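Model the full structure from these sequences, guided by the hints.
Residue numbers for the sequence shown follow full-length UniProt numbering, beginning at 1 and rising by one.
Worth flagging that the hints you see were computed from the coordinates, not collected in a lab.
Every value quoted in this text rests on a predicted model; they were computed, and no experiment measured them.
It is possible that part of the hints are untrue.
Computed cross-link-like contacts, SDA-like style, restricted to lysine to any residue with a CA-CA straight-line distance of at most 20 angstroms [as the list claims (entries may be wrong)]:
| no. | residue 1 | residue 2 |
| --- | --- | --- |
| 1 | K88 | S106 |
| 2 | K88 | K149 |
| 3 | K149 | R64 |
| 4 | K88 | E191 |
| 5 | K149 | R67 |
| 6 | K88 | D143 |
| 7 | K88 | F6 |
| 8 | K88 | M132 |
| 9 | K88 | E192 |
| 10 | K88 | R105 |
| 11 | K88 | D32 |
| 12 | K149 | L112 |
| 13 | K88 | P200 |
| 14 | K149 | D160 |
| 15 | K88 | V206 |
| 16 | K149 | M69 |
| 17 | K149 | F120 |
| 18 | K88 | R197 |
| 19 | K149 | L70 |
| 20 | K88 | R130 |
| 21 | K149 | A176 |
| 22 | K149 | M132 |
| 23 | K88 | A190 |
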Amino acid sequence: MELPLFAPGSTMIAEDRWHDELWAAVPQRVVDSTADQLVTYVPTGAVATRASNRDLPGTETLTRDQRKMLALRTGVARVAEVPEAPDKLFLYRSDRWSRINLGWRSTTGEFLGWYVNFEFPAERTLTGIRTMDLVLDLWVNPDRSWQWKDRSDYLRAVDDHLLDAAVRPHLDDEAALVLDELNTASGPFAEEWTRFRPGPDWAVPVLTDGHAWGGSLWDLPEGRRVMRT
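Right, dumping it as structure tokens:
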């Protein structure tokens, strides 16, 4: 399936939806858009909204990953404003079960590495795209050494039927493709991507009113907000 097309410089909203319920919304500036690849940028400080059970009863002693899995299992969460960091470039590709993120330290421009987020292939919405995180992640250091992240949680989610077992062969195939690209320094792992720099006059992208905290697209109750000066 071809990716939707967006005008470079425009803002699009990337949604995560869990069982059709809005679970995350991230405003992203479109850098490049073709039927095969969508490249977007999210600077440090852009405000996203996400389902979060932080500070809810019973979560006090849980790690971030444990809270995340509990929220997916129970559906109990609140809408939280979350400031994004670090500076990130996102690469979505048609019919691919991952999004590749590149990160830079906002204060120095230091390249921090690649983050591979395994997720459903992107589909068009009225304001951007929708997908859903599938728990499994892979971290790649600047020297291209790598390690799995949340692999045990992902396997448990499949075994417990939290995730449909049908996704596993897709993610197995996707992981093989990603690691081949990594080993050959191709695709998102080509050196040229690490030299990306945003335009000096690029504005910080913002959410639509419906995606924002208290917005009409959210069914969850409202939680914490970003402190504003």
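For each hint, the structure was consulted:
no. : hint        : result
1   : K88 x S106  : holds, 9 angstroms
2   : K88 x K149  : holds, 18 angstroms
3   : K149 x R64  : holds, 13 angstroms
4   : K88 x E191  : holds, 16 angstroms
5   : K149 x R67  : holds, 15 angstroms
6   : K88 x D143  : holds, 18 angstroms
7   : K88 x F6    : holds, 18 angstroms
8   : K88 x M132  : holds, 18 angstroms
9   : K88 x E192  : holds, 15 angstroms
10  : K88 x R105  : holds, 9 angstroms
11  : K88 x D32   : holds, 14 angstroms
12  : K149 x L112 : holds, 16 angstroms
13  : K88 x P200  : holds, 15 angstroms
14  : K149 x D160 : holds, 19 angstroms
15  : K88 x V206  : holds, 15 angstroms
16  : K149 x M69  : holds, 14 angstroms
17  : K149 x F120 : holds, 17 angstroms
18  : K88 x R197  : holds, 10 angstroms
19  : K149 x L70  : holds, 17 angstroms
20  : K88 x R130  : holds, 18 angstroms
21  : K149 x A176 : holds, 16 angstroms
22  : K149 x M132 : holds, 17 angstroms
23  : K88 x A190  : holds, 16 angstroms
The structure is consistent with each of the numbered hints, conforming to all of them.
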